[in-house]
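K.L.:
Sequence:
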Amino acid sequence: MSRSAAQESNPLLPGTARNESLQRAFDLLEAMAQVPDGATIAYLSNAVELPRTTVSRLLASLFDAGVVARPGSDRNWVLGPTIMRLTRAVAPAYDLQERGAAILERITADLEETSMLAIPTGPATARVIHEVRGPKLLGITSAWAGETIASPASGYVRQLLAELPEQRSSAIIDGFTLERHTAQTIVEKEPLKQQIRKIRADGFTIVVDELEEGLAGIGVPVRHNGQLAAMFAVYLPTVRFTQDLKERALNTLRSAAQELGDNTH
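Numbering-wise (this note's numbering), the sequence shown opens with residue 14 and increments by one.
Hint data in this document are derived by calculation from the structure and do not stem from the laboratory.
Please read all numbers here as calculations on a predicted model, not as lab measurements.
Among the hints, a few may not be true.
[Said to hold, decoys possible] Computed list of lysine to aspartate or glutamate pairs in DMTMM-like fashion (alpha-carbon distance at most 25 Å, straight line):
#: 1; residue 1: K211; residue 2: E192
#: 2; residue 1: K202; residue 2: E43
#: 3; residue 1: K211; residue 2: D257
#: 4; residue 1: K149; residue 2: E225
#: 5; residue 1: K149; residue 2: D123
#: 6; residue 1: K149; residue 2: E176
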């Protein structure tokens, strides 16, 4: 349905004038969504049939609000973090936290280690929405629940970077100031990029002694229709992160991710 036809058939506030600039901005966003790796101003101008000067003005306003971004060295335009936050705020047909919490209980019961569920809040940030502590006296209790995680030493952030095209993830890493948390923390950008490539190939993340000495974690993505929707992880003392535990955790986490992903609507 064309925009004019949609307006004519829309019973909401009949007779009320519409904001043409706002409608054009949404046309731009629709066009941008068709090119996930980034769109040039020339492409967008042609796609929405507007002069380049008009497109540039609209993009500048959208950029100020975080609705669009230019993360790559090629300076192409992509949808920005504000769009991602708004997308996550749309109430889904199911309660992700409630479903995920029940699965976390089973993960922790199976592995006897602390498990967590996180959701993306941006291209390189995540928020832990639920945590189930393991039963062992020597275990992990994090302060992450409800907090935004932005450190590239975190497995959550690395998994998100691995979801992006390599050119874009590399551009984001180039903009990082890498902080050393421990002697094991990766603080050089090229080794971090290599680590992201490995995660992209392996399909899971492992972080050992990089956020804190003695802390190890392993995580997997939760996908729905091929897109990352959330991430499961298990954190535990490094001394217990044996090869046997790694293999068991991967099997358990992948099964959990499949279950939660299949129940996403």
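K.L.:
Decide, hint by hint, whether the structure agrees.
P.N.:
Verification of the supplied hints:
no. : hint        : verdict
1   : K211 - E192 : 21 Å, holds
2   : K202 - E43  : 33 Å, violated
3   : K211 - D257 : 21 Å, holds
4   : K149 - E225 : 19 Å, holds
5   : K149 - D123 : 13 Å, holds
6   : K149 - E176 : 33 Å, violated
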